[in-house]
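Given these sequences and hints, build the entire structure.
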Amino acid sequence: MAGKPVLHYFDGRGRMEPVRWLLAAAGVEFEEKFLKTRDDLARLRNDGSLMFQQVPMVEIDGMKLVQTKAILNYIASKYNLYGKDIKERAIIDMYVEGVADLELMVLYLPHMPSGEKDAALATIKEKARNRYFPAYEKVLKSHGQDYLVSNRLSRADISLVELLYHVEELDPSVLANFPQLKALKARVSNLPTVKKFLQPGSQRKPFDDEKCVESVKKIFS
Amino acid sequence: METKPKLYYFHGRGRMESIRWLLAAAGVEFEEEFLETREQYEKLQKDGLLLFDQVPLVEIDGMPLTQSRAILSYLAAKYNLYGKDLKERLRIDMYTDGTLDLMLMIAQAPFKPPKEKEESYALIVTRAKTRYFPVFEKILKDHGEAFLVGNQLSWADIQLLEAILMVEELSAPVLSDFPLLQAFKARISNIPTIKKFLQPGSQRKPPPDGHYVEVVRNVLKF
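The listed protein sequences derive, respectively, from chains A and B. Quick note: the first sequence uses my numbering, first residue 1, plus one each step. Quick note: the second sequence uses my numbering, first residue 1, plus one each step.
No lab work stands behind these hints, which were simulated from the structure alone. Computed from a predicted model, the values in this text were never measured in an experiment. Treat the hints loosely; a few may be bogus.
What the hints assert, rightly or not - Listed below are the simulated DSSO-like cross-link pairs for lysine-lysine, each with C-alpha atoms no more than 27 angstroms apart in a straight line:
#1 B:K84 x A:K69
#2 B:K87 x A:K4
#3 B:K43 x A:K87
#4 B:K138 x B:K6
So this is what it looks like as structure tokens:
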């Protein structure tokens, strides 16, 4: 039997959280090796494990994958969460890229210099409410189906629901005017694998706190 | 007969240039509508073509596609430039993701204040020489093949050539320590479709200048 995937990253959300969500939603058990010190990162770099000297890195199927998008594409394809043909994949990609743009701002927020945080948070809220959430609400409303693409669960739904959870932490009333998104969130959250991942004690990471931010600064200094 | 893809963007490289390269390399003729005014942009918004109010926009096969990575992946798959199986596609994704990071830095630099812009360009050249080019030099050395993945032309090769040429515009001797990349550059540039795209008069766009920056700021209001 093939070994479980191993995720190499710091103990926090950062750029690895979407990978955790996708694996968990696909029902794939995975292990994590947390970087804690500069030496941990140096070791990975020196043994040639990091193609572009960067994490995230995921060991899977005998390979050491880097570049979050490449990692997510591979997992989504392998576990049939990427549509049935290239046209569906293009639509899924378009939706996923939109989520990723906003998610990047959200995941980076805790690590920003304190003087820049307020403005960044305001931008996130504005973009969520005025650009991104209306777009996805409209997609769901226009076809009235349970999932974003072709009436079938895909990585687009999983990544969007992850984003909804993350933005709600920052802006609790953000979904008030988006009934379709609320319904999608409930529906996806009730899938057995996702439900399990949402329980305490899962590998889902909390909002990157001060301790995590300090640790990251040290590792990447 | 299939309609030609139609590209909507500014008259410049930005995030559309990689798409032009891929179409050209695949030998696919395409049309372009250049955004010059705020009104044109607002019309695209009103017509519901811009999912996130952003360009690039490419109309292809009945779909209004936005998000450059989504567009590039679709084109790569459609024109057989995405490898022959999942593992090859994965390698292509890793390599193109790396070069796209570099090219995004290049696309964003012109919009920075002068001092930051100079620092950006310097960082781009450093990153190219220390982080990205050594990786591709090693890949070519390790397998000794003509192309990056699967011994045939792929999106990864096209994108790497594009990145090399753009970084050379910033620092002409940037490939001096990379003999295999020099050979790669010559080889890929000689592929007929790419050779044609590199000629004057093609749809390839020049480096960004002050006018380009001004038009983008006016249209997108920032």
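A quick look at each hint next to the structure:
no. : hint          : result
1   : B:K84 x A:K69 : 19 angstroms, holds
2   : B:K87 x A:K4  : 18 angstroms, holds
3   : B:K43 x A:K87 : 25 angstroms, holds
4   : B:K138 x B:K6 : 37 angstroms, violated
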